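A.B. asks: If you want the building blocks of each chain, they are given just below.
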Amino acid sequence: DQQVKQNSPSLSVQEGRISILNCDYTNSMFDYFLWYKKYPAEGPTFLISISSIKDKNEDGRFTVFLNKSAKHLSLHIVPSQPGDSAVYFCAARYGNKLVFGAGTILRVKS
Amino acid sequence: DGGITQSPKYLFRKEGQNVTLSCEQNLNHDAMYWYRQDPGQGLRLIYYSQIVNDFQKGDIAEGYSVSREKKESFPLTVTSAQKNPTAFYLCASSPVGLSSGANVLTFGAGSRLTVL
Numbered sequence: 001d002q003q004v005k006q007n008s009p010s011l012s013v014q015e016g017r018i019s020i021l022n023c024d025y026t027n028s029m030f031d032y033f034l035w036y037k038k039y040p041a042e043g044p045t046f047l048i049s050i051s052s053i054k055d056k057n058e059d060g061r062f063t064v065f066l067n068k069s070a071k072h073l074s075l076h077i078v079p080s081q082p083g084d085s086a087v088y089f090c091a092a093r094y095g096n097k098l099v100f101g102a103g104t105i106l107r108v109k110s
Numbered sequence: 111d112g113g114i115t116q117s118p119k120y121l122f123r124k125e126g127q128n129v130t131l132s133c134e135q136n137l138n139h140d141a142m143y144w145y146r147q148d149p150g151q152g153l154r155l156i157y158y159s160q161i162v163n164d165f166q167k168g169d170i171a172e173g174y175s176v177s178r179e180k181k182e183s184f185p186l187t188v189t190s191a192q193k194n195p196t197a198f199y200l201c202a203s204s205p206v207g208l209s210s211g212a213n214v215l216t217f218g219a220g221s222r223l224t225v226l
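Protein chains in written order, with this note's numbering: chain X, 1 to 110; chain Z, 111 to 226.
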């Protein structure tokens with residue numbers, strides 16, 4: 001039972017344009033959401049997060065939006081850079097656990 | 111520099127053998143976690159520990175065992191009972207447990223286990 005879903009396995013974007021990565025969840029008890037970035041053969045690194053009581057959080061080029069009624073969150077990267085090419089994981093906290101989505105491969109073309 | 115060290119980075123095992131993956135952190139974090147990553151799937155929680163000498167099963171604990179004798183160390187043993195052990199294993203830590211207020215996990219670089 002996948003409680004956190006990233007329905008797009010991959011996304012290709014031109015350098016300088018906006019990248020939008022999407023994530024859907026089913027468990028309304030999730031109280032905190034995070035995005036992680038992962039390069040091949042490395043561990044994921046934390047990117048940005050949002051509490052369930054907010055609908056937007058911004059950090060430089062990265063903005064996360066949360067729509068609780070739709071159980072949907074998205075990560076916007078503006079402008080996209082070639083160094084942003086990586087796998088992006090959405091994660092949600094419930095109790096003692098972080099539940100992760102399957103990841104979306106982002107390719108930023110120069 | 112503080113961080114999490116996982117070793118070995120690559121490991122090959124014959125079927126029927128147990129293998130232990132090492133995870134050491136110098137972040138002074140109380141909580142530690144083991145995740146498994148398979149292609150096309152999210153990270154799945156194997157075991158976690160919120161404090162020394164205590165640990166709980168995650169979602170896919172069968173065929174695995176852990177110990178937490180020291181705060182900085184959380185080794186994972188993949189036993190011969192694990193039916194499909196080939197995967198990328200990630201260790202993580204947080205200052206306190208997630209239910210105690212921690213929001214973010216810090217991950218190690220991972221260990222890739224291949225069963226021949």
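If you're looking for bench data, these hints aren't it; they were derived computationally from the structure. One thing to keep in mind: the hints can contain errors.
Okay, derived cross-link-like pairs now, DSS-like style, lysine-lysine, Cα gap no bigger than 30 Å in a straight line [said to hold, decoys possible]:
#1 K5/X <-> K181/Z
#2 K5/X <-> K124/Z
#3 K54/X <-> K71/X
#4 K124/Z <-> K167/Z
#5 K109/X <-> K97/X
#6 K5/X <-> K193/Z
#7 K5/X <-> K37/X
#8 K56/X <-> K97/X
#9 K97/X <-> K54/X
#10 K37/X <-> K54/X
#11 K56/X <-> K181/Z
#12 K180/Z <-> K167/Z
#13 K5/X <-> K71/X
#14 K71/X <-> K97/X
#15 K97/X <-> K180/Z
#16 K5/X <-> K56/X
#17 K97/X <-> K37/X
#18 K180/Z <-> K68/X
#19 K71/X <-> K37/X
#20 K193/Z <-> K109/X
#21 K37/X <-> K68/X
#22 K193/Z <-> K124/Z
#23 K167/Z <-> K193/Z
#24 K109/X <-> K5/X
#25 K97/X <-> K181/Z
#26 K180/Z <-> K56/X
#27 K180/Z <-> K71/X
#28 K119/Z <-> K181/Z
#29 K181/Z <-> K37/X
#30 K180/Z <-> K119/Z
#31 K119/Z <-> K193/Z
#32 K5/X <-> K180/Z
Note that this is a predicted model, so its numbers are computed, not measured.
A.B. asks: Enumerate the violated hints, using their earlier numbering and listing them in ascending order.
C.D. replies: 1, 2, 5, 11, 18, 20, 26, 27, 32
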